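Chemist: Letter by letter, the chains look like this.
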Amino acid sequence: MSEELKKRLRSDNRDWTPPNFGITDKLGLTKFKPDAESHLSVINRDVCRKSCRRKYCTHTCPAQVYRWEEEDASISIAFEGCLECGTCRSGGCPYDNIEMRYPRGGFGVQYRFG
Amino acid sequence: MSTPADISTAATTTGRFDAIIVGGGPAGLSAACTLADGGARVVVIERGDWPGSKNMMGGLIFSQPTSQVAPEFWKKAPLERHITRREMWLATGESVLKAGYESTDFGAEPYNSFSVFRSRFDKWLAGEARAKGAIIITETLVEDLLMEGDRVVGVRTGRPEGDLEADVVILCEGVNPFLAEKAGLSKGVKPESVALAVKEVLALPKEKLEDRFSLDEGNGAAYEVVGEITAGIPGTGFIYTNRDTVSIGVGVILKDMVDQAGEAYALLERFKKQPQVQRLIQGASPREYAAHLIPEGGYHGMPKLHGNGVLVAGDAAGMVNAVFTEGANLALLSGKMAAETVLRARDCGSFDAITLSHYRDQLEQSIIMKDLKSFQNVTPFLSSHPHFFTMYPELASAAVKELLTVDSLSKADKLHLIIKLVRSQRPARKLMKDLYDSWRTFS
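Protein chains in written order, with the working numbering: chain A, 1 to 114; chain B, 1001 to 1443.
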């Protein structure tokens, strides 16, 4: 009986359409004043290469600043779009392998709403 | 906003500062207002182009604590809407079960809460602080603390000749406590005691918004949504109405998101596509995307709040009540108390840790610590009970749906069916334990 009810529930639509308003579109809305130099860096690139199988930062950063570049076997950093939230220094990289500072005064994200 | 030209000029023209405040958010600006009111020479150092430009929250502020810093602020501050309705939704992929409260009392002075944009509100509050005599220096990052032994004696900024000394430094630097870590007060942010929130601001014409959310002019609504929307990661969705925009976002416990290699922006899209949510924001056009961490470690997650010549307030001190989504008001109150402690210390002529411990005592007696203690186990509890975000909303929804659906089953059969379903998902013993544990955690 309960199976029947469960089936009835399952039959409902669970498959939402995949995200179509992507991160690039989102970041395009937000105002940035990028500095010339990065305020983010990977501490030891061997850790990304050898230890980190899931490349966590490429998922956990809400601005998708970090991307795994297969050709160079390393993480690239699009620091210009960093929202300065601190995820990468607070466990977003489970290996604590990212050094984050704040951008210099007057640079970086500039929220109009916030 | 102000003159960042030369830090040392500010000091030369003002003389030595009594207090340096790092960060122009609710905590820092509240402290600045209180100190300036008390006749202290105070400077706020803010890294953004204006106070507020780096700040983000859901965002509600509450009248009572805010008016302690800025009396009758609703008559002049840039506010969006006063909130007259709060709703809690348990959501599944296709349904919501709602609870809510609405009152006309919340629509009259002094109101209860407002939706605001930090970037605009904090800019305004900084103006209030300046009018009281505080100096606000923007576009300036504090890179380090100046120490003499274990005493904080000032700050080093990123500007040439950018050292600045004062009797006391109040760290209101926000959730990433770079300086509090350097001072040995904070051990940093732990992923299990912090939430990552992402938010979009969506534009919707005023009349359409009021129609759609069924609001009288100027009134606003706030929604907290729990359920499948966070894909099994403990967290909530939120929707706040503003003047002619809607703030919509998702916050999840960072540890759980990292473990599942979840993607916050994808969760936000998932939330926006939940049918009942989608209906509210249909046709609204995105204006800004933002992300921020929320310290949800509660009482246990707090750093050391004072040292020789230094105090910590606001998010940097972990002052957020995650259950009632209150952070900004705790920041305002803690900033005020830190400032009052500094004024008292000035009278004593001592800024050592023992004198400044008055701050901790004041906090302990205040609503801040009482609330933080009450809910100190909530975040670990939710982390260890992910089924609260998946199974229970689904069961609740299934139960109500079954009861409301008219078919060949009698109501007694339906009840029987529901009980069987619940038991099949969660044995009675475990169900009772969940009930007992949540009673213990939330009361």
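Everything labelled a hint here was simulated from the structure, so no lab data went into it. Please note that a few of the clues may not be correct.
No farther apart than 20 Å at their CA atoms in a straight line, the calculated lysine to aspartate or glutamate pairs in the EDC-like style are these [what the hints assert, rightly or not]:
{"hint": "1", "chain 1": "B", "residue 1": "LYS1182", "chain 2": "A", "residue 2": "GLU69"}
{"hint": "2", "chain 1": "B", "residue 1": "LYS1187", "chain 2": "A", "residue 2": "GLU69"}
{"hint": "3", "chain 1": "B", "residue 1": "LYS1304", "chain 2": "B", "residue 2": "GLU1402"}
{"hint": "4", "chain 1": "B", "residue 1": "LYS1373", "chain 2": "B", "residue 2": "ASP1259"}
{"hint": "5", "chain 1": "B", "residue 1": "LYS1182", "chain 2": "B", "residue 2": "GLU1210"}
{"hint": "6", "chain 1": "A", "residue 1": "LYS31", "chain 2": "B", "residue 2": "GLU1109"}
{"hint": "7", "chain 1": "B", "residue 1": "LYS1076", "chain 2": "B", "residue 2": "GLU1148"}
{"hint": "8", "chain 1": "B", "residue 1": "LYS1208", "chain 2": "B", "residue 2": "ASP1150"}
{"hint": "9", "chain 1": "A", "residue 1": "LYS50", "chain 2": "B", "residue 2": "ASP1259"}
{"hint": "10", "chain 1": "B", "residue 1": "LYS1187", "chain 2": "A", "residue 2": "ASP25"}
{"hint": "11", "chain 1": "B", "residue 1": "LYS1190", "chain 2": "A", "residue 2": "ASP96"}
{"hint": "12", "chain 1": "A", "residue 1": "LYS55", "chain 2": "B", "residue 2": "ASP1049"}
{"hint": "13", "chain 1": "B", "residue 1": "LYS1273", "chain 2": "B", "residue 2": "GLU1402"}
{"hint": "14", "chain 1": "B", "residue 1": "LYS1182", "chain 2": "B", "residue 2": "GLU1148"}
{"hint": "15", "chain 1": "B", "residue 1": "LYS1182", "chain 2": "B", "residue 2": "ASP1216"}
{"hint": "16", "chain 1": "B", "residue 1": "LYS1182", "chain 2": "A", "residue 2": "GLU99"}
{"hint": "17", "chain 1": "B", "residue 1": "LYS1206", "chain 2": "B", "residue 2": "ASP1216"}
{"hint": "18", "chain 1": "B", "residue 1": "LYS1206", "chain 2": "B", "residue 2": "GLU1192"}
{"hint": "19", "chain 1": "B", "residue 1": "LYS1076", "chain 2": "B", "residue 2": "GLU1102"}
{"hint": "20", "chain 1": "B", "residue 1": "LYS1098", "chain 2": "B", "residue 2": "GLU1087"}
{"hint": "21", "chain 1": "B", "residue 1": "LYS1273", "chain 2": "B", "residue 2": "GLU1224"}
{"hint": "22", "chain 1": "B", "residue 1": "LYS1190", "chain 2": "A", "residue 2": "GLU99"}
{"hint": "23", "chain 1": "B", "residue 1": "LYS1273", "chain 2": "A", "residue 2": "ASP25"}
{"hint": "24", "chain 1": "A", "residue 1": "LYS33", "chain 2": "B", "residue 2": "ASP1049"}
Output of the computed footprint for chain A on chain B, the stretches with three or more beta carbons under 8 Å from beta carbons of chain A [as the list claims (entries may be wrong)]:
{"hint": "25", "region": "1182-1190"}
{"hint": "26", "region": "1318-1324"}
Pulled a few chain B residues facing chain A out of the computed Cβ check, cut under 10 Å [claimed, not checked]:
{"hint": "27", "residue": "ASN1176"}
{"hint": "28", "residue": "VAL1194"}
{"hint": "29", "residue": "GLU1207"}
{"hint": "30", "residue": "LYS1208"}
{"hint": "31", "residue": "GLN1276"}
{"hint": "32", "residue": "ASP1361"}
Given the structure is predicted, the values throughout are model-derived calculations rather than measurements. For glycine and all other residues, C-beta sits at the position ideal for the given N, C-alpha and C.
Chemist: Flag every earlier hint the structure violates by its number, smallest first.
Modeler: Of the numbered hints given earlier, those the structure breaks are 1, 2, 3, 4, 5, 6, 7, 8, 10, 12, 13, 15, 18, 19, 26, 29, 30, 31 and 32, listed in rising order.
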